[in-house]
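Bring the two chains, given one by one in their own frames, into a single complex with the hints.
Each chain is listed here by its residues.
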Amino acid sequence: MSNFSDVGNLMYLYLDNIDPGSGTGTPEFLIHAAAHLLNQKGGRNWNPVIVKEVSEDKYEVIGNTFIYAVAEAAGLEKVWCIIADDSDDAAELSKVLAGEEIPKVNLSKASRDEIMSALQYLIEQPGSSLKAVKLPVATNRIDESPRQYWKNLNEITKLKCGITKGKKLDALKQVFYLTPEPLPKTIKDPAILNSLTMTELKKMAKERAIPAFGKMKKPEIVEALSQ
Amino acid sequence: MMASQLQEALQSLPENAPEPIVKEIFSSVLFKVLDFQQGEIHPEYTTGRGPVDYAIRKTREDDIFLHTKTNPWLLVELKGRDVNLSPDAANYQKTVNQLKRYLLADYTSSCQWGLITNSIHIQLFRKHGRVVHPATPCLSMDSSNVDEIASLIKEKIDCSVKALTIAVYNNKGGVGKTTTTVNLAAIFTLLGKKVLIVDFDPNQQDLTNSLGLPLQDGDVYKALTEKSPNLSNAIHSFSLTEKRTGQVFSFDIISADKVLAYDIEEAKIRQEIKINTLHKALEKLKTQYDYILIDNPPNWRIFSQLGLYAADVVLIPTKHNNLFSLENAATAMKQFIPETQKHKGDGTPVPLPVFFNGEKMTHPQLKAAKEAIAEIIKLSKKEGHNLLPYFFPKWSKSTQDTHILEIPSYANIAGSAFARIPAVYRDKTAREYYKGLAKEYFLK
Chain A
1 MSNFSDVGNL
11 MYLYLDNIDP
21 GSGTGTPEFL
31 IHAAAHLLNQ
41 KGGRNWNPVI
51 VKEVSEDKYE
61 VIGNTFIYAV
71 AEAAGLEKVW
81 CIIADDSDDA
91 AELSKVLAGE
101 EIPKVNLSKA
111 SRDEIMSALQ
121 YLIEQPGSSL
131 KAVKLPVATN
141 RIDESPRQYW
151 KNLNEITKLK
161 CGITKGKKLD
171 ALKQVFYLTP
181 EPLPKTIKDP
191 AILNSLTMTE
201 LKKMAKERAI
211 PAFGKMKKPE
221 IVEALSQ
Chain B
1001 MMASQLQEAL
1011 QSLPENAPEP
1021 IVKEIFSSVL
1031 FKVLDFQQGE
1041 IHPEYTTGRG
1051 PVDYAIRKTR
1061 EDDIFLHTKT
1071 NPWLLVELKG
1081 RDVNLSPDAA
1091 NYQKTVNQLK
1101 RYLLADYTSS
1111 CQWGLITNSI
1121 HIQLFRKHGR
1131 VVHPATPCLS
1141 MDSSNVDEIA
1151 SLIKEKIDCS
1161 VKALTIAVYN
1171 NKGGVGKTTT
1181 TVNLAAIFTL
1191 LGKKVLIVDF
1201 DPNQQDLTNS
1211 LGLPLQDGDV
1221 YKALTEKSPN
1231 LSNAIHSFSL
1241 TEKRTGQVFS
1251 FDIISADKVL
1261 AYDIEEAKIR
1271 QEIKINTLHK
1281 ALEKLKTQYD
1291 YILIDNPPNW
1301 RIFSQLGLYA
1311 ADVVLIPTKH
1321 NNLFSLENAA
1331 TAMKQFIPET
1341 QKHKGDGTPV
1351 PLPVFFNGEK
1361 MTHPQLKAAK
1371 EAIAEIIKLS
1381 KKEGHNLLPY
1391 FFPKWSKSTQ
1401 DTHILEIPSY
1411 ANIAGSAFAR
1421 IPAVYRDKTA
1431 REYYKGLAKE
1441 YFLK
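Protein chains in written order, with the numbering used here: chain A, 1 to 227; chain B, 1001 to 1444.
Hints in this document: simulated from the structure, not taken from any laboratory. These numbers were taken from a predicted model, which means no experiment stands behind them. Incorrect hints may have been included.
Mimicking EDC-like on lysine to aspartate or glutamate, the simulated pairs with C-alpha atoms at most 16 Å apart in a straight line are [to be verified]: (1) B:Lys-1280 x A:Glu-144; (2) B:Lys-1194 x B:Glu-1266; (3) B:Lys-1367 x A:Glu-144; (4) B:Lys-1444 x A:Glu-124.
Calculated Cβ distances over 10 Å to all of chain B for the following chain A residues [unchecked claim]: (5) Ser-22; (6) Gly-42; (7) Pro-48; (8) Glu-77; (9) Lys-134; (10) Leu-135; (11) Val-137; (12) Thr-139; (13) Leu-169; (14) Ala-209; (15) Lys-218; (16) Ser-226.
Label-pair restraints from in silico Cβ distances [stated by the list, open to error]: (17) B:Thr-1402 x A:Lys-206: 50 to 60 Å; (18) B:Ala-1411 x A:Ser-128: 22 to 32 Å; (19) A:Val-105 x B:Ala-1411: 33 to 43 Å; (20) B:His-1236 x A:Thr-164: 17 to 27 Å.
A virtual CB, placed ideally from N, CA and C, is assigned to each residue, including glycine.
With the rest of the complex left out, here is chain B (with noise of 0.2 Å):
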């Protein structure tokens, strides 16, 4: 069989090239496989904070990206040979935060997708409002499966999803996870987005609940045991009418399965439903939507593991006052989401940072929850975890900044759950609130 043209670039690459020739040799064959032409390649673009290796995107009628420089689309970052970039390397992270810093940059809020390579290791990102999460996890490149490769990246990068999929996760009951759900879900809505809710939690129903809306009688079990698993049925929509501007808002949810709680034993739902049967069903729903959030019930059984399989991102609630959230926090990070990683292969779910949602706290408290994260911090890093930037997401070695978003909860948010409205449209300060976490978290 003739070598391809990437089998052929692979293999005439010097064992320690450096990053010129990589360019040189690799990245324009691989470029060229990927279906860019000449104009669509831009070298050394600004981005704003920093100049990226390559940015492209596909010329549209008259807009050829090399002569406008408008709207990059996929940035690349390429090193050569020399610097390692495998998962446990330290200059892979280091790479990983150089494209994520470019992908977040001024000049580049159209990308959507960023790539990092040095030839032997491979790496896909997908940047969604404010996340950057894998695409496909860190590749090890040789000659036999570049073109597997290449067409599984080119595959990815063709067919843009719209939808992110976060699942509201901990392990640790009572840290707000449905709140967090159902306000997230809200403040999107209020900013024009359109909104799914999973409410995957069939034992305490508490979003469904909170809603006012009617439990499910067996559609959600029946919609994931189809052959070809598909939830439009069981799509409820939860619409709400702004008394003084008569503005009307509304998020589909699929609500809480009775017959998942009550009818059916575990032991045979594990038998009828497998690990990636939700993300599955979900799969055809994520070009309608712009977010799909996942409430999840806080053990790690079923319904949390495939509510995590199915998702690309993880938010982790805590409480500040309760050590336990923290803890348990941080075994989501080290044990069940790289566990569901590995069963998913495709890189995700990535936990987010943490935050504080619970009652507002003095300085002492805050002190004490600080030193609390930083034994755990050290005991992981002992096990050989980095929890670092997802509880100290600023903390750098010059800055050494420990700052945690907080979104103090008080009894207007909580009381909302009796009115069977989100908080955030009842409360002014409660939508400040969310709007903010929805701002450091998710939109650009």
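Pulled out of the complex, with its shape left as it was, chain A reads as follows (with noise of 0.2 Å):
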């Protein structure tokens, strides 16, 4: 790093220089009521907005958006900056550690403890739509589940652990993410195995030349896959 550069910086801004960035959804009371008691107390804000350099005075906010707002609201001339570097890793981890964002799992690797946390996050969440999701129940069903192989969440509806398509998805989708592995050439799991139709089992069975799969039920044809 340069001996010019700003970034790490504690620095004291224009808010005309600063562009607020993505904003923030924070309520209008919130945001008037800490104006109001910041100029009460002096207007100086303690906890710095994060931004990141533009181009020449010209700056972005990528954390604590809440406290730009406020700020403006306050009616604060300049304002008490940290400058960080200008990457989106940079800009992911602020909104994360501001408590801006959600940070998310990847399902695809996570521990049980992991996915337990998580829905037990979602299930605690104020008028949260998974309320009637049995925790424990769910957390196994999960961890238990070929879940490195699954290409979308939808996978999860299928586990029959009370998380159905539509709000309670999309609830489980702020936090967790995949990263697929491929599913390997022959795949004797037999979890894996329940989890694909009927169609797929047959087709699999032709090629590995299984005599008498035509007549099978899903569980003797999955037993005579995973042999």
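Written out as structure tokens, the structure reads:
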């Protein structure tokens, strides 16, 4: 980093030179009440706004947008800011650390504890659409599923753990993402086989030359393929 | 007499030796005495949750730990002499938590042992699945006993025991001790573990009855009063065939002995059976099972005392809507368990965090229960006991997390006793709940 760079510095910047970025969805009351308090208590924002430099003397907020909005409402001319570097990583991290965005967990690799705490978070949200979901049931079913191969989160709805398409699944999309592995060439894991359709299973049985697969029921064909 | 290597090392340490010096002078000798060679010790090992001072594993044929860095077996967290590790110091708890964090991290699942020391105090911990419990008390070392302590530790880590012994106990009746024991055993069996249950409540015999098994006619009594107690003859097997798949699940059980309940007075039992008798009797079975579960009566008399003494950990079911079950849990943690630890002298049994077993609860009920618990914790703190980790295991100063595991009980779980089958074999939802308990507390 060159000596002329401001990255990492705390600076007192003109509000006019800062673009609010994506903005905050905070209710008006919170902003105005906070602005009133800020003015009353000396007008110094001890929690800095996180900004990046977009061009000379031009900045953009990447974190703590709420504080920017409060400073604006309080009519401050200048606001204390920390200059972060100009990368997407920094922007994402600042948003998460400022509590403005929910961090996501990679469901392809997550541990049971991570899945459980993510679900618990969603269930305990006020007005959550997942209120009726039984935490241990959903945790076990998701944890034991072949989720490393899932291409999308719709697979969760097939686990019959009370999470259906629509609002409930959308809530889950807030906290989970996937980085699927390709399916192995010959699948022998009954858990994965069970998640496939009969057509797919029959195709597989044909390829592996399993005798009399045409008359088999799903449990039997799964059994035969897992040998 | 010539001073041993360890004695020499201890004597040459300056009084306030910081960590690097303790490492240089003391730990190298300690590892040698514990019989670890050069390629077997990896300093600053990455656990996945921070680096631990040392990870150690014996060389297996061509597999040299220092090169492959896989499957560590013992973790050592070392401190300087300036860090006080006596059991009532704040730094002790911090160091123990640090070790536990490393032992339960992603890359250390193969670990079985953990050691903390600052060359003044030393303590060995054992890991079984997700449970980390002391294997020795926190011992104070000086040159007169250091060799003895080192050989004690070596003896322990050289013969790893397979089983974890769990006592299910609450001084309050009706909180679901028997239900928990049976269903936990059943779920362990479903997950491929070998399990033994001991019904150590001869007056109620509920567990034995709930599985429809016959009572023992003096076999347990006989086994416990023999010169070298041996319970093998008293073991029965409970097995069940799943209708759909034809799979057979079975676990072993030492059912309740009616002789202990009706024929002999407690005073007489006390004369014949010592507090460590059950512990000794189970010792021989520990190589055969993954889990030994002891169902105890809801009192603090001879059977519970023997049961707790025999256990590594104590699982305490409580009810959110029953204040006494919470207060009794606290009494066990403050009084009965420490008393047993003192008597036993190896740092066990330790309580596991409580869980709520019972009717589904509403928000205000949960709030009331948590307030009651907070009050219990506050009062205990005044008496010098820190119960926080046993009631709110996830609590830390910064998170203030007060989640407690719940197992809602409902008609199907209770009704299973009529069918003489554990609920988890009959009811899908019950199975998920108990699997949750098993995974949260015991299984890695």
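Going down the list of hints, with the structure as the test:
Proximity of B:Lys-1280 to A:Glu-144 is assessed by CA-CA distance (about 38 Å); at most 16 Å being required, the pair is judged violated. Under the criterion of a C-alpha separation no larger than 16 Å, the hint pairing B:Lys-1194 with B:Glu-1266 is inconsistent with the structure, at around 32 Å. Among the hinted pairs, B:Lys-1367 with A:Glu-144 is inconsistent with the structure: their alpha-carbon atoms are about 32 Å apart, more than 16 Å. Between B:Lys-1444 and A:Glu-124 the CA atoms are separated by roughly 26 Å; this puts the pair beyond 16 Å, and the hint is violated.
At the 10 Å boundary, the C-beta of A:Ser-22 stays outside the reach of chain B, the nearest C-beta of that chain being 28 Å off. Separation of A:Gly-42 from chain B is adequate, the least Cβ-Cβ distance of about 27 Å exceeding the 10 Å criterion. Every CB of chain B is more than 10 Å from the CB of A:Pro-48 (nearest about 21 Å), matching its label as outside the interface. With a cut of 10 Å on Cβ distances, A:Glu-77 stays outside the contact zone with chain B, its closest approach being about 35 Å.
In this structure A:Lys-134 is not separated from chain B by more than 10 Å, as the shortest Cβ-Cβ distance comes to only about 7 Å. The Cβ of A:Leu-135 sits about 8 Å from the closest Cβ of chain B, inside the 10 Å cut-off, so the non-interface label is violated. Not every Cβ of chain B is farther than 10 Å from the Cβ of A:Val-137; the closest lies at roughly 4 Å, contradicting the non-interface assignment. Residue-level check failed: A:Thr-139 sits 7 Å from the nearest beta carbon of chain B, not beyond 10 Å.
Every beta carbon of chain B lies more than 10 Å from that of A:Leu-169, the smallest distance being close to 20 Å; the non-interface claim holds. No Cβ of chain B comes within 10 Å of the Cβ of A:Ala-209; the nearest lies about 26 Å off, and the non-interface call holds. With a least CB separation of 13 Å from chain B, A:Lys-218 remains clear of the 10 Å interface cut-off, as annotated. The beta carbon of A:Ser-226 sits about 13 Å from the closest Cβ of chain B, which is more than 10 Å, so the claim that it is off the interface holds.
As the Cβ distance of B:Thr-1402 to A:Lys-206 is approximately 56 Å, the hint placing it in 50 to 60 Å holds. For the hinted restraint 22 to 32 Å between B:Ala-1411 and A:Ser-128, the CB-CB distance of approximately 27 Å keeps it satisfied. The supplied range of 33 to 43 Å is met by A:Val-105 and B:Ala-1411, whose beta-carbon atoms lie about 35 Å from each other. Roughly 45 Å separates the CB atoms of B:His-1236 and A:Thr-164, a value that falls outside the hinted 17 to 27 Å.
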